Amino acid sequence: MLKVQEIRELIKLVDQSSIDEFTYESEGSKIKMKKKVQGQQVVVEPVQAVSETPKPAPPSPTTSVIKKEEPKQEVKHEEVQEDTNLHKITSPMVGTFYQSPSPDKDAYVKTGSKVSKDSIVCIVEAMKLFNEIEAEVNGEIIEVLVKDGQLVEYGQPLFLVKSE
Amino acid sequence: MQSEIRKRLIEAFTNAGQEYLSGQYLAETAGCSRTAIWKHIEELRKEGFLFEAVKKKGYKIVHAPENVTADEISFGLKTEFMGRSIHYEEKVDSTQKIAHRLATDGAVEGTVVVAEEQTLGRGRLDRRWHSPKYTGIWMSIILKPNLPMHKAPQLTLVTAVAVVQAIEDVTGLLPQIKWPNDILIDGKKVTGILTELQADADRINAIIIGIGINVNQKLEDFPEDILHTATSLSVETGQVISRAGLMQAVFARLEKLYLTYLKDGFYPIKLLWEGYALSIGKEIIARTVTGDIAGKALGITEDGVLKIQQEDGEIRHVYSADIIINE
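Protein sequence lines correspond, in order, to chains A and B.
Numbering-wise (full-length UniProt numbering), the first sequence opens with residue 1 and increments by one.
Numbering-wise (full-length UniProt numbering), the second sequence opens with residue 1 and increments by one.
So here's chain B without its partners, still in its complex pose (with noise of 0.2 Å):
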């Protein structure tokens, strides 16, 4: 975990933007000796980060490493309480395991767990979620709302919705969303989100919200299985992405929808969920365990529940299926 003094040290250079921070003032504002100031400078550098040092001016980032450990992602970071709390692992069998014991443990609502890598990373129905090191963002979140359990499903589209509004922020790109949460740029999956519930009874304890997002793969990075159905945003856009922007863009996007969805309920993200949504009007089939839906997709309940409208004029609810868009 990160320290108190970083924390405040990093959040200084976050709000002097381009101006320089004197050695006295960010000892005053972090609370520690002007020694233990260079210190912590000293071991940012070795992380990756350079500092501009003007004699009587003082220090100023004028680059952060392309990794995502707490002190990247914090500098920057503008939420009020998503992502403040940074758990960062090199190597990792899957985050939200880790986030499950820091939930038991109490951790505080927006805790993040991120790794540069995950061996056991999963997705639906535990297949396997291709998470390789430095090159996507593989982290899982967790929330603590108070919220009838029946309405937590509702969360996962809100982090649809968040994370979509993240992507088109900071790469211009319009992804688009396939029901419930997955997330796709031209019928390539960009992003897969996968949310557990930690409960006692019928009380939340936690929300826990795994989110993989494919940045900086390149094409050749993938396996062959899933060469043709998934893609980067580096593929789409041609550029390098820094994870850590992009973490700190997912983290402000969510805490406000959350917060609205909060104070609002569904209606407001259902609006924006239809208005990213794919597959709506289209002819799809959601594949279920106990077997084939095929027809029209008309859109989402007021809980988020897909609505297909088969060739017999019938109308079934959906609650869990891989959609199948025929184009």
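Extracted from the complex, chain A is given alone in its bound form (with noise of 0.2 Å):
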């Protein structure tokens, strides 16, 4: 099974090659992407339902407040997903987003921040794991997607960094 985020690059590939067309089929799942060439519209159409989804999301209020909070993230997403140099860190899981060790320290990282691939961007936490999240490539943080404190949804963006 593709994840949101994996499905999403694959949006930005087709949307970028010629082809008009694109199906993807593995263990029971199977995505169907149609372009509109006139509008350069993408319609994703998941013709078969899926039986396991790897996202862990509990039909929970604790979520529904969150999503009130993402489509705002995923429109600043949206505007610079043109530049290539642009890269997502997302969180792996579900779980309380922390900006840096503890209360009475400095964030790890704030806008502008120059960051290694191993560098620490923040620490997602769920029942007291503690996930120190690398940023993956080396760049500059260009925007923070996410407040101190906040639930995070499994894949969702984080940050935005501007990669070397």
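Derived from the structure by calculation, the hints contain no laboratory data.
These figures come from a predicted structure and were not determined experimentally.
Built from N, CA and C at the ideal position, the CB exists for glycine as well.
Be aware that one or more of the hints could be misleading.
[Stated by the list, open to error] Coverage of chain B stretches by chain A, computed from C-beta distances (three or more under 8 Å per stretch; other residues unrestricted): (1) 142-153; (2) 181-194; (3) 287-300.
Hey, can you piece these two chains together into the complex? The hints should help.
Written out as structure tokens, the structure is:
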């Protein structure tokens, strides 16, 4: 099963390519994309329902709180997607986003910070499991997309990095 | 690190129980000369082990010292892999740090870093964890499960259940779990668990579980600020508890639950966890970085996430918080 960000990547690639139609099938799930040439619009059509999704999204009110904030981020994200040097650091799990190792310490990074591949950029915590997230690219943080203490979803973009 | 010969020697004594082992037998089992065996026994004596030596019968360990070196932990250990590789230090800043390094260098699953004293033991949000010399169990366990990353937090609940069961086994006390994994006796904290993940992109390289158990502290050993919120197993039982023995119990319980979890998923663990849960059905406050959520604790989800029902009926899912229970 493809992840949301992988599907996004695919859309981007199909969008930039000369192909009009793209179908991908694996382990019972199928994704079909068609381009409307005039409108430059991409349609993602999940043909078959998938029984198992990797996203552990509980139908909770907390998630709905998050969702209110999400469209805002999506907009920002679409605006800059054209630039291929931009890398998104995404959350590998559901949890609380922390900008710093403890409340009284400085943030790991902020807008303008230079990062290398193994720089720690934040912590995502769930149930006292702490996950230090690394930048995975060399570059500069150009935007912090979430607030300290915010609940983040699996695959949610946390930072935009301009890679070198 | 413990040498292979020492490992085999301790294992032979563990398996022997009350039997005496001859020098010849020990040499064959450990794969070395009888002179070497004699030297190892001398070293163990210096560490504090007491041997009973009977002519024509051989040796028996009649007392293990009250430290938590690899030798003490191995003597009596009955696990397949949990705690089979012990990295012992007298004094460290934090066992988590060492475990991270060992995991990066390819330490095997079940490797344990243990110290008699931690100078920079820490808890959630870098809070200090008081870990004075010889009084508690300050350790980090390295696991390498083949799990999707979003399931990793469940292992902190698996660990909490294992530690509660081990404390029950060794002391007969009945500890409870405060979500997600604080262990309390009569409302006072006796164990803290903090877990860290080592991952490349979406793949788990290692999970490092830090466990701090207050074992033999006396009341006066606790600093003023935690005196009324913390306790030790010794304070609760009035006895001195063998730390190595408790570690062995933790390893045995954890190994079993961990394998169950990998095979059957979180559901059996959830049932056990709820059996020990302190807060279910009570009015609680979940203190998060962004504010408090108050309401009745309903239980945990199939993933281990805390469910709180607010006064207005809305059910909130909590992933990270300090829980305060309104008695």
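Hints and how they fare:
1. Residue count for the region 142-153 of chain B with a Cβ under 8 Å from a Cβ of chain A: 6. That meets the three needed, and the coverage hint holds.
2. Counting residues of the region 181-194 of chain B whose C-beta sits closer than 8 Å to any C-beta of chain A gives 3, which meets the bar of three, so the coverage hint holds.
3. Here the region 287-300 of chain B counts 3 residues with a CB under 8 Å from a CB of chain A, which clears the bar of 3, and the coverage holds.
Hint violations for this structure: none, all hints satisfied.
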